[in-house]
Every structure is written in structure tokens, then in C-alpha cells.
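Q: Each protein sequence line maps, in turn, to chains A and B. In my numbering, each number is its position in the first sequence, counted from 1, plus 4. In my numbering, each number is its position in the second sequence, counted from 1, plus 4.
Read the hints as simulated data drawn from the structure, not as lab findings. None of these values were measured; they are calculated from a predicted model. Don't take each hint at face value.
All copies of an identical chain are treated as equivalent in the list; a pair is satisfied when it fits inside any one copy or across any two copies.
Computed cross-link-like contacts, DSS-like style, restricted to lysine-lysine with a CA-CA straight-line distance of at most 25 Å [stated by the list, open to error]:
#1 K307 to K289
#2 K289 to K211
#3 K65 to K129
#4 K144 to K65
#5 K308 to K289
The lines below spell out each chain.
There are 2 protein chains.
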Amino acid sequence: MTHHTDHVLDSRAFRRALGNFATGVTVVTAATQDGTRVGVTANSFNSVSLDPPLVLWSIDKRSGSYPVFEQANHFAINVLAADQVDLSNRFARPSEDKFAGIEVDMGAGNAPLLVDCAARFQCEKYQQIDGGDHWILIGKVVAFDDLGRAPLVYHQGAYSMVLPYPQVSEHLPENRLVSARQNRLSHNVYYLLTQALRSYQASYQPKQLSTGLRVSEARMLLVLDSDASLDMAGLLAEVAMPAREIEAAQEALSRKGWVSSTENGYRLTASGERQADVLRDIAAKQQEQVLAAFPADEVEILKKLLRGIITSPH
Amino acid sequence: MTHHTDHVLDSRAFRRALGNFATGVTVVTAATQDGTRVGVTANSFNSVSLDPPLVLWSIDKRSGSYPVFEQANHFAINVLAADQVDLSNRFARPSEDKFAGIEVDMGAGNAPLLVDCAARFQCEKYQQIDGGDHWILIGKVVAFDDLGRAPLVYHQGAYSMVLPYPQVSEHLPENRLVSARQNRLSHNVYYLLTQALRSYQASYQPKQLSTGLRVSEARMLLVLDSDASLDMAGLLAEVAMPAREIEAAQEALSRKGWVSSTENGYRLTASGERQADVLRDIAAKQQEQVLAAFPADEVEILKKLLRGIITSPH
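Just chain A, same shape as in the assembly (with noise of 0.2 Å):
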């Protein structure tokens, strides 16, 4: 199943396929002389060098921000943090003035610097470069500050966060090293928490992805699973998708005949709800093999506390 693009590419399936390979996400900045002020959501940053400190984007030729990147001499990349799904999603769209009462600091150029970041770079245009429908923009860092905050991750579409890989100690021969620590980690409650979702995953994404759907139509069918139907802000609110990948995946879905679009918004047809429910089996009989082993009554107090988890204030 190899999609070959030598003779025509088909750049729905390129851009589903760009789209396994998981980044954080950044607020791309900059200002005039005059003071006009832009920010363009981005996942294409990247480091290129540590001497001299060198990072690039690339930018939409198509975009309306583009000719005050292309005036200021200066731009700032704000890496965003997991709780900033707002922002990016405000940036993402065009829109009279982005910066309408958030609060900014001033960098290198007047260009703004979000506050609560993961990172921030203040970067000095150092190349410009053509890169097909977008140019490449290459900064030198003239200023960074690390805010280390949990970072917002966008993987197939979807919003995600990071979740700590497990320490391999099942590879290790059994030592008192690793048994001592093993101990202590068999009642740590957040290291069993990571090391059961990975465990819950792992056998629970191969048969998700055995439907075919991608995790933000996933998402959107099993969101507008209901008798009612959601305008586009509502489901900006209900998924943890960018407006465009909510078009892509309602575009998907609407191919296969899952969803139509109505006056009030965009509604499952009675196939969107079938497949929806092949989802939720799915769902449910992982839930099923997963906690086959255990009571009820253990798995009635194994919800609870989730919630209380969920719920608590800390």
C-alpha cells in the first residue's frame, strides 16, 4: 500500500501520512516598524545548529501574515505549553487582531512573546528559502527563555501531550537493583497510571486503527454520536482538534457518507452512527479483556478513584 507521487500525488493521503509523525506546537510572531503585529500557529519548527544557534519554519506562501515576516527582521517562536490548546487554535485562524487581550512580553523586533510557554526564541532572520508553496524561514536565536512547562503535542491531527516512556526494566536480568526499585514503583500511583495507559494502548490502538480512521475522525465520529448535531465551535470545543483538521476529518467523514452537514451544523447519518458504534465496541470489549481478571465490585472502585483522580483539586 505504498503511495507512489512520482505522477500525481494524492495530498490528502501525504498530508494523513506527514501527520504520524508527532510535534509540539509553536506560535510563530513578529511586528512591523509601525507596530502591526502577527502570530501564525506552527508545528514546522525545527533546530538546525547550536554554533551558530540556528532554527527554522516554514511559512504558507498563501498567507496573510507572510508580508510582515517577510518586512520585520526579527521573529519569535513560542513553543506552546499542553494547556495553551486555545492559543493555537486562535492563531490557526485568521482573524482582525489575534492578540485582542491576551498578554504579551516585547522581544528582539517588537515581536510578542506569549506568556506560560513551554520555550521562547527570539530569533534574528538570518536565510529565507524557497521550499515549494512555503518558504523556509531559517532564525538565528539571539535571545531563548526555558519555561520546561509539559508541552502541547499534535499527532494525526489531534491534539495529544506527552506521556513518559517506561523504564525497560523488563529487559534487565532480575537484580536486587532493580527489584528494590520495582517495589517502590509497584505503589507509586502515577508511575501505575503511565505504565497501564501505555499497557491499555498498546493493545488497544492496533484494533482502533484496524477501522481505517484516523485518531481525529475517531474522535469527531464518536463526538457527534448523539441525536444532536454541533456547528463548528462547538465541536472546537468538544474535539482537541485545529478548526482545519476538523474540515479535513468532516471532509473524510463525509466521503464515507458518515456525516452530513446541515443548517445547524454537522450531524452523523445513520451509517456515521453504525460506525461509530463498531468504535465503541471496540472499546468496550478492550475494556472487557482488559478487566476480565477482576470483580465488579474492584472495577466499580477502580472508576471511582479514576474520577476522584480526575476531580480532585490537588
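Starting from the structure of chain A, add chain B where the hints point.
A: Quick look at chain B alone, frame taken from chain A:
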């Protein structure tokens, strides 16, 4: 605490700041006419353009593999899946034959394609740009595979996985639609696990960050927190981190006087053990807070079922 690089760059601090941008992990491969094969682990991959389909990545100018990438007309980007940490580590270190004993498919220009990845992109070399101490290689995608597996993620010097972002129903006005689905979700253990972990992380990570330690450093401290010592091989097996990052974390912890290296490997100093105690105290207090509301016997059931989910074959 903004770092200014105009005069002199603290490249260690700069690398750490860059680590806040989460990325997937790729292995980029190529081959010469005479069949010499190279592969390097890179997280600098990113998409550039849909039309034409362009992607880019950067390679250290000093890389021993560069001459082959310079010669070859093609390269292949292999986006690693969550369970391919071993491949990431294997291709991150120099070795005689990195491909020894691993199955590969043959890509354009004979570039080796790894199997069971999240996605693969076969590229024709399109442009090479001087990027300071790296070369930026832009490729035109001639073929790709979308395998959709859960991806390996790299953040703050440590491997991670993606944790689905919560649906933000909280932000929606209460209505039948939401409460109907919320009720379903309140019995979905996978959903409850992701939300419980998110909630736990939200209050836990800032407390961890207050120590000023990066994920990679905290992880190594806790791994070494024992009377035994570990060599690099042991650390690679124990902490889910690339060798380069293990060295960086070990250097950082040594500078602080927390880790010393002996002929049998690395071990914590007395002050390092005290620092590890601080981390465990933070973890313990967090757990007490989160679970304070629940009777001890129910907490034990929670732990037991989480352990069961971890070990159950599914």
C-alpha cells in the same frame, strides 16, 4: 531569566531549551551505488510543502554518515513507532553495521526502509542548504507509507509517547448531548485513565520542575538511586533515553556533584541521594494529596487493578 546569545551562547542551555519542543523520532537512511548503507537517528525532520511534496531534516556536518548522504540521490525517512526505542538508540550511535540483523525493505535509490514504523517517506534529494554546523537536506517525496502506528516521541531529552488530549467538554454549557456522552465516558476505563493521568500530571509536573531538573536528569537520578552503580549499557536499558542524552544528564548531575563515575559505571553521591529523596518526597506528597479522599483499602484495590492492567496480555 531570559538567556541572551548575542555575545556568547550557552549551548547546553540552548539545547535544553530546544528540548521543550516535542518531536517524533526518525531514522534517515541512504545507500551508495556500491551498496554501502547508512542510517542516522534524527528528530529534525519536518514537512515543508505539499505541492511539490517536500520534507526536510538536518545532519551534523561532522557525521560519519554524511558522505553517503552527499553521494546518494535519494534518502528515506523512517518515522519510528513507540516500540522502536531500540532502533532509535542503535542508529544514534556509530557502529560497524547498524543494519546487522534487522529486516529492511528496499526503497528508492536502495535506501533501506525499516519495517513496522509509523510512516515512511522515500525522497529524491531536492536541495541542500548550509545550516551552520548542520546541512539541511530537503527531499522531494516520491513514495510514502502511512502505517499509522502510535509514534515514539522525544521531549526534554527523554523518550515519550502521545497521551490523547482530553475532550474539553468542561468548557461547554451543560446539555443533554454532553451529559449523555459524559455518562458513557465515566464508565470508559481507557478514557478515565487518560484523564486521571492528565489531571495527575497537571499538578505533579510543576512540582517536579520546581527542582530545576529536566525529565532526563530526574529519571537518571531515580534510576541510580540505589547502592549499586550502572554502566552506560545498564543506563541505556534502564532509562528510556538516547546515549547522547544520558551523557548530557550524567554531565549535568556530575557538575552538581550528585553523580560520580567509577570504573564500574555511574553512581549517586551522598548529595545525589539526598536530591533523589527530594524527588521521591515530591512524588509521595503528590500521591497523598491526590488520594487523600479515599480509604486505604480502596487505594490498594486501585493499585492492584492498575498492576493487573499492566501485566494482563489483553
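Q: Against each hint, give a clear statement of whether it holds in the structure.
A: Hint check results:
no., hint, in the structure
1, K307 to K289, "both (17 Å within a copy, 22 Å between copies)"
2, K289 to K211, "within (10 Å within a copy, 37 Å between copies)"
3, K65 to K129, "both (17 Å within a copy, 22 Å between copies)"
4, K144 to K65, "both (21 Å within a copy, 18 Å between copies)"
5, K308 to K289, "both (20 Å within a copy, 21 Å between copies)"
In this structure, none of the earlier numbered hints is contradicted; all agree with it.
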